[in-house]
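Asks: Chains B and S are the protein sequences, given in the same order. Quick note, the first sequence lines up with residues 1 to 321 if you use the working numbering. Quick note, the second sequence lines up with residues 322 to 480 if you use the working numbering.
These are computed hints drawn from the structure, not numbers from a lab. Keep in mind that the hints are not guaranteed to be accurate.
Label-pair restraints from in silico Cβ distances [stated by the list, open to error]:
no.	chain 1	residue 1	chain 2	residue 2	range
1	B	Lys68	S	Asn453	47 to 53 angstroms
2	S	Lys422	B	Trp164	21 to 27 angstroms
3	B	Glu131	S	Phe454	47 to 53 angstroms
Don't be surprised by glycine CBs; every beta carbon is placed ideally from N, CA and C.
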Amino acid sequence: MIAQIYVNDIVFGGMSNKMVQHFVHQMKSEFEISLVGELNYFLGLQVKQMEDTMFISQSKYAKNIVKKFGLENSSHKRTPATTHLKLSKDENGVAVDQSLYKSMIESLIYLTKSRPDITFVVGVCGRYQAEPKMTDLVQVKRILKFINGTTDYGILYSHSDNSWLIGYCDADWAGSADDRKNTSRGCFFMGNNLVSWFGKKQNSVSLSTAEVEYIAAGSSCSQLVWMKQMLEEYDVQQGVLTLYCDNLSAINISKNPIQHNRTKHIDIQHHFIRDLVEDKVVTLEHVTTEEQLADIFTKALDVKQFEKLRRKLGICVHEEL
Amino acid sequence: MKEALTDDFWIETMQEELNQFKRSEVWTLVPRPNDINVIGTKWIYKNKSDENGTITRNKARLVAQGYTHVEGLDFDETFAPDARLESIRLLLGVAGILNFKLFQMDVKSDFLNGYLHEEVYVEQPKGFVEPNFPDHVYKMKKALYGLKQAPGAWYERLT
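With the hints as constraints, model all of the structure from the sequences given.
Replies: Rendered as structure tokens:
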């Protein structure tokens, strides 16, 4: 029996029907309860519970925003961005209406709750909110056109053989061309269920890709450890957490406590990952670039790779919808 | 804000909120204390809508200015994890794997159920100042939205 409290909303469930009934009864006697029912809409997410799977989406919201910006009759795009997505400011471009641009970005940010496949490109476009140019607006509209063809997509949660937590981490090397800072990215699964993902600009300018990946691995480790702790509260135990990383040098830094020239400047705060590896809380494993699921959060992909990673993240249309 | 204060409809919803405070004995009007910081209040207007975007009810909520949040800053952090969403997805993951159904319930007048243990004073809300005691402040008995103590007071009642 698990109950998660969100201010005055409580989401709960459990293996034993009797305990669930008891909980409802108990709550009703203590508080004024206005609504008890199957979870179907929560924090802006539509939740569909089937026999052995669950599906979250924001399809109604997605349709609304496409319509709001007048793109419901536009051609569908298969990816949210072209592979040559521009990553720097367009100094000489034609300025466009900032409030329109901002409101598009805001609407899309809200949609990323159930659509991690647009997280990366929405983040890139979001950087130009201060002075949006025509090229930026064209790109944001492309995201909306992509959404127009995929409004019913969401994340599927299903039964899987194991409940192990795994993570994929990656970083984009000076991905923000304007300030040369790097972004850590990662996505995290329980079994094959996508639970969370993040993108966070690193505070420092790094000297090597290994260092950048190493910092990303550090952020991802703390996320995994947080998830492990949450699960322990739910009485779901975890073994060694696995973090996949496509950079061998970063993996080596985590395993090798010897300071050498290339790593001695890395801030001590990033080295807590070594303790986690040594204590066998986390293990860093290598993953080939093709199998790097976090890639969808790091760069604009071609159709084939995009659709493959999207499928692996569990982002799909539910057949019954 | 100014518009709302002159709009009959919103005045009514604000009055409703204050009446609710009176019924639940949320606060009492007292002379301004000398040595204690008094927290500002402000009105938040909200059109609640369902998943189709249809407005289902309008609500004016008086909140304490417990936090200052500057919008537009730290945009790069927007994708930093939202703990509520992460934990709900984690819960979905668990329920998916262990194969059980999830339910939801909604507790009414939420924060008003929580009692405060510390002394907290707030300013009288703009537009609803008692004419006889304009410099008085409210001493809180129960928590108000936006107070750092509010969630704690409510969670305490739950456990």
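Asks: Run every hint past the structure and note whether it holds.
Replies: Taking the hints in turn, this is what the structure says about them:
1. At roughly 49 angstroms, the beta-carbon separation of B/Lys68 and S/Asn453 lies within the given 47 to 53 angstroms, and the hint holds.
2. The hint said 21 to 27 angstroms for the Cβ distance between S/Lys422 and B/Trp164, and at roughly 23 angstroms that hint holds.
3. Separated by about 50 angstroms at the C-beta atoms, B/Glu131 and S/Phe454 satisfy the suggested range of 47 to 53 angstroms.
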